[in-house]
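One-letter residues, chain by chain:
There are 4 protein chains.
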Amino acid sequence: MTSESVLETLQAFMAERDWEQFHTPENLSKSVAIEAGELLECFQWGADGDRERVADELADVLTYALLLADRLDLDPEQIVRSKLERTARKYPVDKAKGRSTKYDRL
Amino acid sequence: MTSESVLETLQAFMAERDWEQFHTPENLSKSVAIEAGELLECFQWGADGDRERVADELADVLTYALLLADRLDLDPEQIVRSKLERTARKYPVDKAKGRSTKYDRL
Amino acid sequence: MTSESVLETLQAFMAERDWEQFHTPENLSKSVAIEAGELLECFQWGADGDRERVADELADVLTYALLLADRLDLDPEQIVRSKLERTARKYPVDKAKGRSTKYDRL
Amino acid sequence: MTSESVLETLQAFMAERDWEQFHTPENLSKSVAIEAGELLECFQWGADGDRERVADELADVLTYALLLADRLDLDPEQIVRSKLERTARKYPVDKAKGRSTKYDRL
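Chains as they are written, first to last, in the numbering used here: chain A, 19 to 124; chain B, 19 to 124; chain C, 19 to 124; chain D, 19 to 124.
Any given hint might turn out to be false.
For identical chains, the list gives no copy identity; a pair is met inside one copy or between any two copies.
[To be verified] Lysine-lysine pairs mimicking BS3-like chemistry, simulated, CA-CA at most 25 Å apart:
#1 K101 x K115
#2 K120 x K108
#3 K101 x K120
#4 K101 x K113
None of these hints come from the bench; they were simulated from the model.
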C-alpha cells in the first residue's frame with residue numbers, strides 16, 4: 019500500500035494529463051454541483067439507492083471537493099473542524115437535540 | 019491538538035444532538051446537493067469567489083459527504099482511489115492529455 | 019396543431035404511464051435539481067455550451083418544474099410574477115442598476 | 019390584468035436594471051442549479067415542504083429557466099413538447115407503465 023496521500027495521487031493524475039488548466043475554482047465548483055446531482059439521482063424516486071452506484075458518485079463529489087480545497091490552499095479537515103465549531107454555537111445541544119429545525123427557528 | 023479523526027468528531031457532534039435519525043442516505047444526498055448549490059453561488063455571476071465564503075460552503079459539502087460515506091460504511095479515501103483507477107482507464111494519458119473532452123468523444 | 023396546453027399534454031403523458039404515483043413534491047424537487055445539474059454540465063469546463071444539448075436539458079428542468087407547480091396547485095406564470103414584484107422591492111432600480119450585488123449589500 | 023407575457027415582464031425588469039450583461043448562458047445555468055438547490059432545501063429532512071416557500075423557490079427556478087430559454091432563442095413550450103415526444107419513444111406505454119425504471123433497463 020502506498021504512503022502517498024489521496025491528494026498527491028490526485029495531483030499526479032491531473033498533472034500527467036495536463037488537466038490543471040481546466041481546474042479554476044469556478045469550474046471545480048460547477049463540477050461539485052454536477053456530481054452532487056448525479057449522486058442525488060441514485061435516490062430520485064425513493065429512499066433506496068444502490069450502494070455501489072452511490073459510492074461511485076460520492077467518489078466524484080469528493081474528488082472535485084478535494085481538488086477545489088487544494089486549488090485554494092484549504093485543508094479539508096481543518097475547514098470541516100472550523101465549521102463544526104461555528105455550527106456548535108448555532109445549535110447548542112440543549113436547544114437543538116432531536117430537532118431538525120433550522121437555527122433561526124430554535 | 020486532538021488525535022480524534024474528523025469523522026469521530028462529526029459522529030460525536032451528531033450523537034450529542036441526537037441527529038443521526040435524520041441522516042438517511044437519501045437525506046444526506048439531498049444535503050450534499052443543497053450545499054453544492056450554495057458553494058456554486060459563490061461564483062454565480064463570475065469567476066471570482068470570496069475565499070472565506072467558499073471555504074465555509076465547501077466545508078458543508080465535505081461534512082455531508084463524510085457523513086454519507088460513514089452511513090454506508092464506505093471509506094472516503096478508498097472510494098476516491100478506486101474511482102481514479104477506473105477514470106485512468108477511460109482517459110489514457112496519450113488520448114486525454116490537455117483535453118477536457120468527455121471519454122466517449124476522445 | 020393542438021390547442022392542448024403544455025400542462026395538459028404532460029398530464030396525459032404521465033397518466034398514460036401511471037407515473038403520477040412517483041411524482042411526490044419531494045421527488046419532483048429532487049428531479050428539478052438532478053436535471054439542473056445536467057444542464058450545468060453543458061458548461062462544466064467553459065462558457066460555451068452546445069445549444070441543442072442545453073435545449074434538451076432545459077426542457078427536462080422545465081418539465082419537472084411544471085409538474086411540481088401542478089402538483090401543488092400553483093400557477094407557474096402567477097408565481098413568477100409575484101416573485102418579480104417582491105424582487106423589485108429588494109432591488110430598486112436606482113440602487114441596483116448595473117450591479118450584480120446581493121440586496122443585503124446594496 | 020396585463021396582456022404582457024411573463025417573458026416580456028421579465029425582459030423589461032432586467033433591462034430597467036441593466037442586468038442583461040450578467041445573463042450569459044453559463045451564468046443563467048449556474049443560477050438554475052443554485053435555485054434548484056434552494057427548492058430542494060424545502061425537503062431536506064423529509065417529504066413535507068412548506069407550500070409558500072416551495073412556490074417562492076420554484077418561481078426562482080422558472081425565472082432563470084425562462085431567461086435562459088430567451089437568451090438562446092428557445093421557446094419553452096416547444097422544447098418541452100419536443101422532449102416529450104422523444105421521451106415517449108424511450109418509454110413506450112406497454113413497457114413503462116407503472117414503473118420508475120430508467121429506459122435502458124426496461
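Return the numbers of the hints above that this structure violates; sort them in rising order.
Structure breaks no hint.
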